[in-house]
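Residue numbers (my numbering), protein chains in the order written: chain A, 1 to 116; chain B, 1 to 114.
Please keep in mind that the hints were generated in silico from the structure rather than gathered at the bench. Hints are supplied without guarantee of correctness; some may be wrong.
[Said to hold, decoys possible] Interface residues of chain B toward chain A, partial, derived using beta-carbon atoms under 7 Å:
#1 P40
#2 S46
#3 L47
#4 L49
#5 I50
#6 S53
#7 A78
Fair warning: this is a prediction, and the values are worked out from it, not measured in the lab. Glycine residues also receive a C-beta, built at the ideal position from the N, C-alpha and C atoms.
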Amino acid sequence: NAGVMQNPRHLVRRRGQEARLRCSPMKGHSHVYWYRQLPEEGLKFMVYLQKENIIDESGMPKERFSAEFPKEGPSILRIQQVVRGDSAAYFCASSPSQGVGDTEAFFGQGTRLTVV
Amino acid sequence: KQEVTQIPAALSVPEGENLVLNCSFTDSAIYNLQWFRQDPGKGLTSLLLIQSSQREQTSGRLNASLDKSSGRSTLYIAASQPGDSATYLCAAPPSYNAGNMLTFGGGTRLMVKP
Numbered sequence: 001n002a003g004v005m006q007n008p009r010h011l012v013r014r015r016g017q018e019a020r021l022r023c024s025p026m027k028g029h030s031h032v033y034w035y036r037q038l039p040e041e042g043l044k045f046m047v048y049l050q051k052e053n054i055i056d057e058s059g060m061p062k063e064r065f066s067a068e069f070p071k072e073g074p075s076i077l078r079i080q081q082v083v084r085g086d087s088a089a090y091f092c093a094s095s096p097s098q099g100v101g102d103t104e105a106f107f108g109q110g111t112r113l114t115v116v
Numbered sequence: 001k002q003e004v005t006q007i008p009a010a011l012s013v014p015e016g017e018n019l020v021l022n023c024s025f026t027d028s029a030i031y032n033l034q035w036f037r038q039d040p041g042k043g044l045t046s047l048l049l050i051q052s053s054q055r056e057q058t059s060g061r062l063n064a065s066l067d068k069s070s071g072r073s074t075l076y077i078a079a080s081q082p083g084d085s086a087t088y089l090c091a092a093p094p095s096y097n098a099g100n101m102l103t104f105g106g107g108t109r110l111m112v113k114p
């Protein structure tokens, strides 16, 4: 059973370009969470998704950021018109559908976005 | 709103020492608390998950405790080794229905010297 897979591992974008980060949850997991870790800062929750639904996006910036988790395929975190302040490590976590509050979160290796 | 704090921010110990990492949280209605390890440039590895009904959990040389009334959790590492060097993070969901919308502490950066 492969773990949470994120790609790419490293992504370089010029200011103004779009960044697309992908996350494939562990097999059997239908809950996906995105977190951001800014340089020298802690991990901050961004968005929580289930298949085809955004459950909570309270941690996501209101502009330029969007997330989806389609019925088929990976979850996508999309950042439009990137700025230098978006440079960070973006982590995805997944958990199973049963007993949501009882289960561990399993994290991917992260995507390190650098905006130049 | 749950807030999580970890002290100290950094810790350096000689190999073989037993050590304790501290985690404090503000909402005592905590449902569970997780401890993670993060190596530089890597993702997070889950170490231990303590449910609110439990007082402690053990895995190998690691033991984590949870005291809801005082708003504290500790991670005890026995006989530390250089390979234990990493950043240790504790995290908690804000409520039962929040799943794994975790609030993280700032982490403790541990260095175990040979």
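Going through the hints against the structure:
no. : hint : verdict
1   : P40  : violated, 11 Å
2   : S46  : holds, 5 Å
3   : L47  : violated, 10 Å
4   : L49  : holds, 5 Å
5   : I50  : violated, 11 Å
6   : S53  : violated, 10 Å
7   : A78  : violated, 22 Å
The structure shown violates the earlier hints numbered 1, 3, 5, 6, 7.
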